[in-house]
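Each chain is listed here by its residues.
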Amino acid sequence: MRPAPTATAPLLETRDLSFGFGARPILHALNLQVEPGSIYGFLGPNGAGKSTTMRLLLGLLRPASGTVRLFGHDLARHRVALLGRVGALIESPSLYDHLTGRENVEATRRLRGVPAHRTAEVLALVGLAADAHRPAREYSLGMRQRLGLALALLPDPDLLLLDEPTNGLDPTGIIEMRALLRRLSHEQGKTILVSSHLINEIEKMATHVGVIQRGRLVFQGSLPDLQRLQTGRAQLVLETENADTCRNLLPRLLAEATVAGPGTLHLPWLSREHTAELAAGLVAAGQPLYALRQEQPSLEDTFLHLTETIKE
Amino acid sequence: MEYALPVAPGPLTQLGRVLVADTLKLRRTAVLWLALGGGALPVVLNLLIFYFKGQYFIKPGTNPWPQYISMSWQTASVLLGFFLVLLSGLVVNLENRGGWRQLLAQPVSRGSVFGSKLLLLLSLNAVAQLIYVALLLAAGVLLGALRPGLGFQNNSIGLLPILRMLGHTYLATLGILGIQYALALAFRGFVGPLAVGIGGIISALTLLRWEHIDLVPYAAPNVVLRLMDFKRGLAVPAPLSAAEWYSLGWFGLAVLIGYVLLLRRPVTD
Chain A
1 MRPAPTATAP LLETRDLSFG FGARPILHAL NLQVEPGSIY GFLGPNGAGK
51 STTMRLLLGL LRPASGTVRL FGHDLARHRV ALLGRVGALI ESPSLYDHLT
101 GRENVEATRR LRGVPAHRTA EVLALVGLAA DAHRPAREYS LGMRQRLGLA
151 LALLPDPDLL LLDEPTNGLD PTGIIEMRAL LRRLSHEQGK TILVSSHLIN
201 EIEKMATHVG VIQRGRLVFQ GSLPDLQRLQ TGRAQLVLET ENADTCRNLL
251 PRLLAEATVA GPGTLHLPWL SREHTAELAA GLVAAGQPLY ALRQEQPSLE
301 DTFLHLTETI KE
Chain B
313 MEYALPVAPG PLTQLGRVLV ADTLKLRRTA VLWLALGGGA LPVVLNLLIF
363 YFKGQYFIKP GTNPWPQYIS MSWQTASVLL GFFLVLLSGL VVNLENRGGW
413 RQLLAQPVSR GSVFGSKLLL LLSLNAVAQL IYVALLLAAG VLLGALRPGL
463 GFQNNSIGLL PILRMLGHTY LATLGILGIQ YALALAFRGF VGPLAVGIGG
513 IISALTLLRW EHIDLVPYAA PNVVLRLMDF KRGLAVPAPL SAAEWYSLGW
563 FGLAVLIGYV LLLRRPVTD
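Respectively, the protein sequence lines represent chains A and B. Our numbering applies: residue 1 is where the first sequence begins, and numbers increase by one. Our numbering applies: residue 313 is where the second sequence begins, and numbers increase by one.
Hint data in this document are derived by calculation from the structure and do not stem from the laboratory. Virtual Cβ for every residue (Gly too), placed ideally from N, Cα, C. Fair warning: there could be bad hints in the mix.
As the list claims (entries may be wrong) - One side only, chain A facing chain B, incomplete, derived with CB under 10 Å:
| # | residue |
| --- | --- |
| 1 | R55 |
| 2 | V80 |
| 3 | S94 |
Claimed, not checked - Listing some non-contacts, in silico: residues in chain B with all C-beta distances to chain A over 12 Å:
| # | residue |
| --- | --- |
| 4 | P323 |
| 5 | Q367 |
| 6 | V425 |
| 7 | L527 |
| 8 | R538 |
| 9 | K543 |
| 10 | L573 |
| 11 | P578 |
What the hints assert, rightly or not - Here are some chain A residues the structure puts well away from chain B; computed CB gaps all over 10 Å:
| # | residue |
| --- | --- |
| 12 | A9 |
| 13 | G72 |
| 14 | H73 |
| 15 | H78 |
| 16 | R79 |
| 17 | L83 |
| 18 | Y96 |
| 19 | T108 |
| 20 | S185 |
| 21 | Q188 |
| 22 | K204 |
| 23 | H266 |
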């Protein structure tokens with residue numbers, strides 16, 4: 001799906017990006033659009049193609065067809081120049097275990113030609129200054145993840161690509177990571193693409209969301225767009241004495257109702273008028289009305305709905 | 313809204329940066345110990361042999377240096393092959409635990425990544441061989457002090473033939489180095505290139521008397537030993553032997569294949 005064009009040119013854009021391992025297709029004509037200054041949550045279940053997409057965005061894999069454009073330029077033609085403005089953390093960070101945390105950062109700093117003072121800055125930013133002298137092999141999973149983030153932040157990039165950055169972090173670490181990403185976006189105007197398989201994680205920080213399932217983009221838009229999508233999927237829950245009797249007595253009003261229990265009916269929420277008519281109809285038919293409430297699906301339900309639809 | 317295209321660093325700048333980073337990664341690795349200490353093994357072995365059994369090799373009143381240099385160089389030539397197999401495998405293996413993903417996502421070309429590791433291997437090989445020669449001469453002087461009866465302290469050896477032999481040996485090792493580097497890039501693991509390398513060395517040593525042995529890169533360090541002439545002291549001719557030319561040819565071919573392998577490599581690990 002291709003979103004409507006916006007006034008601002010996307011900072012990151014893929015056009016009909018496809019990829020496969022041999023004959024096995026992995027991504028199908030992906031059209032991502034990441035606006036500058038946004039935190040784009042790239043959501044999808046495990047195996048949906050998130051990490052493959054991330055690798056394509058960094059030129060680690062060559063697409064079967066389609067293009068990746070960063071900062072308005074073709075990645076295939078200007079990879080080295082464009083990656084100079086990108087910081088990335090792909091899956092579990094690949095560290096040199098025999099080097100200390102500081103030496104790991106130094107190796108990348110020297111490779112990128114970044115000023116020397118950045119090493120101490122990024123180590124402090126991710127809270128690893130005190131442990132920087134320890135070999136990376138002694139780091140916990142959370143510390144490794146933070147060191148990986150330090151490597152991504154080293155060049156002070158305009159665009160951050162983070163693949164499941166909260167993996168292995170404890171709850172405090174997750175909150176800190178989230179706060180850090182929000183700060184980077186709000187205070188420094190950085191654009192962040194963060195992938196995750198957890199909608200709860202994304203909804204707490206993302207401004208935009210893309211949902212991928214089996215290599216296809218099944219939703220892309222702002223977080224309010226996704227929230228609006230779930231409004232259309234609101235349900236009416238009706239509790240009475242006998243669900244089947246009610247359906248027989250009010251066949252028109254309960255045409256789309258499903259029996260969820262002996263005295264419980266679920267039906268799509270249509271309008272306030274429809275709800276009022278239903279309540280009046282039940283009372284007129286002499287049926288007890290114990291409860292009648294509207295239920296909004298959670299974002300998680302919407303995500304599951306989006307990712308399950310394609311399976312059918 | 314238009315974005316200006318950032319300026320990419322030049323190819324030599326990229327190569328320099330990767331090389332500096334690669335050198336830093338050698339800290340506390342077996343690679344560094346191997347390069348700095350590998351040359352000591354043949355020297356120590358021959359030092360012990362000459363210390364305990366030197367009287368059986370050296371005729372009284374003759375210059376012991378040519379015999380000592382020759383025997384030590386023979387031991388070194390056999391060990392050199394194994395050294396190169398280990399060196400190239402270990403240098404590439406530093407990246408095999410996910411490092412490629414990190415490295416190739418950086419704003420440097422794959423050519424500079426390839427070139428940096430190649431330069432590192434060439435330098436470490438040169439350093440190891442220079443250290444070997446320095447230790448070899450130092451051990452000869454030491455033998456003169458420890459076993460005056462052998463006559464090391466009363467005789468000398470010209471530096472020119474030794475430097476020429478060092479040059480010939482270095483060129484003869486390039487074929488193995490190039491092939492092992494390409495294999496290490498192709499296998500993406502340590503064991504595969506190690507197995508092929510050891511197989512190559514053992515096959516080469518077995519085939520040393522074959523009339524076409526010059527063609528076999530793994531034999532070249534041993535084949536160039538024939539350049540040493542002991543008729544009047546130690547003499548080594550300057551022109552390159554056929555084995556060295558073939559070694560250079562293998563090096564060029566292997567480097568080309570290795571470069572293409574890295575250039576086309578999908579990063580899936």
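Each hint, compared with the structure:
1. R55: It holds, given that the least Cβ distance between A/R55 and chain B is near 6 Å, below 10 Å.
2. V80: 4 Å, holds
3. S94: 3 Å, holds
4. P323: Given that some Cβ of chain A is not farther than 12 Å from that of B/P323, nearest at about 9 Å, it is violated.
5. Q367: Its Cβ never comes within 12 Å of chain A, the nearest being 46 Å, so this holds.
6. V425: 9 Å, violated
7. L527: Consistent with the label, B/L527 stays out of reach of chain A, its closest Cβ about 36 Å off (over 12 Å).
8. R538: 41 Å, holds
9. K543: With a cut-off of 12 Å, B/K543 remains clear of chain A, as the shortest Cβ separation is near 50 Å.
10. L573: Correct as stated: the minimum Cβ-Cβ distance to chain A is 14 Å, above 12 Å.
11. P578: 5 Å, violated
12. A9: A/A9 not clear of chain B: closest Cβ-Cβ about 5 Å, inside 10 Å.
13. G72: With a cut-off of 10 Å, A/G72 comes too close to chain B, as the shortest Cβ separation is near 4 Å.
14. H73: 5 Å, violated
15. H78: Its Cβ does come within 10 Å of chain B, the nearest being 6 Å, so this is violated.
16. R79: 8 Å, violated
17. L83: 4 Å, violated
18. Y96: Not fine: 6 Å to the nearest Cβ puts A/Y96 too close to chain B.
19. T108: 7 Å, violated
20. S185: 18 Å, holds
21. Q188: Per Cβ check, A/Q188 is outside 10 Å of chain B; nearest 17 Å; holds.
22. K204: 27 Å, holds
23. H266: 45 Å, holds
Figure legend: structure checked against the earlier numbered hints; hints not met, in rising order: 4, 6, 11, 12, 13, 14, 15, 16, 17, 18 and 19.
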